[in-house]
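Visitor: Listed here are the chains, written in short residue letters.
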Amino acid sequence: MDAILQPVANFFGPIWPLVWSLAKIVVLLIPLMLGVAYMTYAERKIIGFMQVRIGPNRVGPLGLLQPIADALKLLFKEVIMPRGASKGLYVLGPILAIAPSLAAWAVIPFADGVVIANVNAGLLYLLAITSVEVYGIIVAGWASNSKYAFLGAMRASAQMVSYEVSLGFALICVLLISSSLNLSDIVSSQGTGWGASHGVGFLSWNWLPLLPMFLVYLISGIAETNRAPFDVVEGEAEIVAGHMVEYSGMAFAMFFLAEYANMILVSTMTALLFLGGWLSPVGFLPDGFHWLALKTAFFLFVFLWVRATFPRFRYDQIMRLGWKVFIPITLVWVIVVAVWLMSPLSIWK
Amino acid sequence: MEFKTVVFYFLAAILVLAALRVITARNPVHAVLFLVLAFFNAGGIWMLLGAEFLAITLVMVYVGAVMVLFLFVVMMLDIDFARLRDGFWSYFPVGALIGVLLAFEMILVLGSTRFGFEAFPVADPAADFSNTRELGLVLYTEYVYPFELASLVLLVAMIGAVSLTLRKRRASKYVQPSAQVAVHREGRVELVKMAAEKDEPTAAEAAAATDNPASAPGATAKN
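So the protein lines, in turn, are chains A and B.
First residue of the first sequence: 1152, per this note's numbering; consecutive thereafter.
First residue of the second sequence: 9, per this note's numbering; consecutive thereafter.
The set of hints was computed from the structure by calculation and includes no laboratory data.
This one's a predicted model, so the numbers in the text were calculated from it and none came from an experiment.
Each hint should be verified, as a subset may be incorrect.
As the list claims (entries may be wrong) - From the derived model, a few chain B residues whose C-beta atoms are all more than 10 Å from chain A:
(1) 50
(2) 52
(3) 112
(4) 118
(5) 185
(6) 194
Unchecked claim - With a cut-off of at most 25 Å between alpha-carbon atoms, the simulated DMTMM-like pairs for lysine to aspartate or glutamate come out as follows:
(7) A:1500 to B:142
(8) A:1224 to A:1263
(9) A:1238 to B:198
(10) B:176 to A:1438
(11) A:1175 to A:1263
(12) A:1298 to A:1389
(13) A:1500 to A:1229
(14) A:1298 to A:1336
(15) A:1175 to A:1438
(16) A:1224 to A:1336
(17) A:1175 to A:1389
(18) A:1224 to A:1467
(19) B:181 to A:1467
(20) B:181 to A:1263
(21) A:1298 to A:1467
(22) A:1228 to A:1194
(23) A:1298 to A:1194
(24) A:1500 to A:1336
(25) A:1175 to B:10
(26) A:1228 to A:1467
(27) A:1298 to B:10
Beta carbons: idealized from backbone N, C-alpha and C, even for Gly.
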């Protein structure tokens, strides 16, 4: 590998680190965007099957080219700007929506050592970047100068700020027991313990000792990505897609890309933090990226499953669940885990 | 020029410009968004200094939470821009005086020989140096009392804000979630058995009735 890279590095000279980083970003983003495209296909197919329909089946074999056709259609559509819109911010909205959901992938490890930036404060970085995501929605909703869009933006900011708190507390529990903010270390710390040494590694993953936090994280993740049943931000039956109502063409598609990239991000995070990432569940099978992919796919399926199963929450019920149920649970559990960690009964020493 | 220096001047230039736009922007929403940009660049400069914990916390706390609520409020307010600009020149001398004073004090402190790179040599951190860990260790051992005191002040401020703004509204309708969950069908719907009141159907009507057994009589809903 080094022998191939060295002449290329010499060719670029001092800007080589920049070029090398860009190359890594491209290698990450292309599969991610393909994943997003086929996530929309999977969503339509799976929900179709759950509702005893066929789903897309016209474009290509089994409808497999449908996402490509959709993307092309959106690319060629005109981006309409309302006359009363705030011009600069109207364009900035979709960009602000998609940028954090892609930037967050910089610290996600895919296997042992396979990560763009192996920073020590990786988990903090993720928390910071995901908390910025809300700006895209607020800015888009305000700049559209439309009642529905503004209502959507208001709901989004209230909802995302509320669920971030319980999300953060759930993460604090994880970093308490793994005593590291580095995502690679968090995964490798789940590979030690009673279960791992007895060939049943899945028993020493974080989901078991942190079961309430695991569930809170998953549900808050669904709320944070504004997916059904917490999708009052879009609320297509009441505020006709909320912040996206005035957008068309590629600007509209950017919001969709951001939403699906966020879904994949939350699923990967859940797999890394609670289900041992790339670690194998049993001793006789080797670890590897395929385990992470499988676990992520499972959580993505849960996202779709939940969407097809539950009706939309009423807005005050969403707020109640966030503030009056999840935050007290997580607050108490942080203290429980901290006490457990320092007590003689601790299983993490 | 070193690459790091280029990055520093890039971030610093955007930071200064954004900070200027915060006070010159006509629209308050734009001003808030420029403040967000300023926070981001300040975070970038801290990152450049190797203070990654502080940088990320700045983005997380200020950009992710405080400014979102700021934006929320500014968007909801009905602001009269003309009145906002009123009296700018009458306040200008006082503001300028304070600004000059602040700049003078900063020059006095930062420009002195006791606050330069010579006075505080930059320690060369080890390879596995973790900013977060070091900060946590110092914060919870050496400075634990000031730290706890600060948290207490924040708690008091929080309770104060809640108690100042909390007012009971008589008109608001309240739902009890536990009462909602505890609802059973028996409490809402009563099924009443009723005798059929129809005349004997003719043969044709009977055949039609067996084809279409829906809308069975006998169930009445009561709320």
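Visitor: Given the hinted pair residue 181 of chain B and residue 1263 of chain A, is their Cα-Cα distance within 25 Å?
Guide: violated, 55 Å
Visitor: Compare the distance between the alpha carbons of residue 1224 of chain A and residue 1336 of chain A with 25 Å, and conclude whether the hinted pair is satisfied.
Guide: violated, 43 Å
Visitor: Is residue 1175 of chain A close enough to residue 1389 of chain A, meaning Cα to Cα at most 25 Å?
Guide: Violated. Residue 1175 of chain A to residue 1389 of chain A sits at ~42 Å, over the 25 Å cutoff.
Visitor: Mind checking the alpha carbons of residue 1175 of chain A and residue 1438 of chain A for me, to see if they're no more than 25 Å apart?
Guide: Answer holds: residue 1175 of chain A to residue 1438 of chain A is near 23 Å, not above 25 Å.
Visitor: Taken at face value, is the distance from the CA of residue 1467 of chain A to the CA of residue 181 of chain B at most 25 Å?
Guide: Distance of about 12 Å is within 25 Å: holds.
Visitor: Can we trust that residue 185 of chain B is non-interface, i.e. its beta-carbon lies farther than 10 Å from all of chain A?
Guide: violated, 6 Å
Visitor: Hey, residue 1298 of chain A versus residue 1194 of chain A, does the alpha-carbon distance stay inside 25 Å?
Guide: Violated, at about 30 Å.
Visitor: Minimum C-beta separation from residue 118 of chain B to chain A exceeding 10 Å: can you confirm that?
Guide: holds, 28 Å
Visitor: Measure nothing beyond the straight line between the CA atoms of residue 1175 of chain A and residue 10 of chain B; if it is 25 Å or shorter, mark the hint as holding.
Guide: holds, 24 Å
Visitor: Is it the case that residue 52 of chain B keeps its Cβ farther than 10 Å from each residue Cβ in chain A?
Guide: holds, 12 Å
Visitor: Would you check the hint for residue 1298 of chain A and residue 1467 of chain A, treating anything up to 25 Å between C-alpha atoms as holding?
Guide: Distance of about 20 Å is within 25 Å: holds.
Visitor: Is it true that the CA of residue 1224 of chain A sits at most 25 Å from the CA of residue 1467 of chain A?
Guide: violated, 37 Å
Checked against the numbered hints given earlier, the structure breaks hints 5, 8, 9, 10, 13, 14, 16, 17, 18, 20, 23, 26, 27 and satisfies all the rest.
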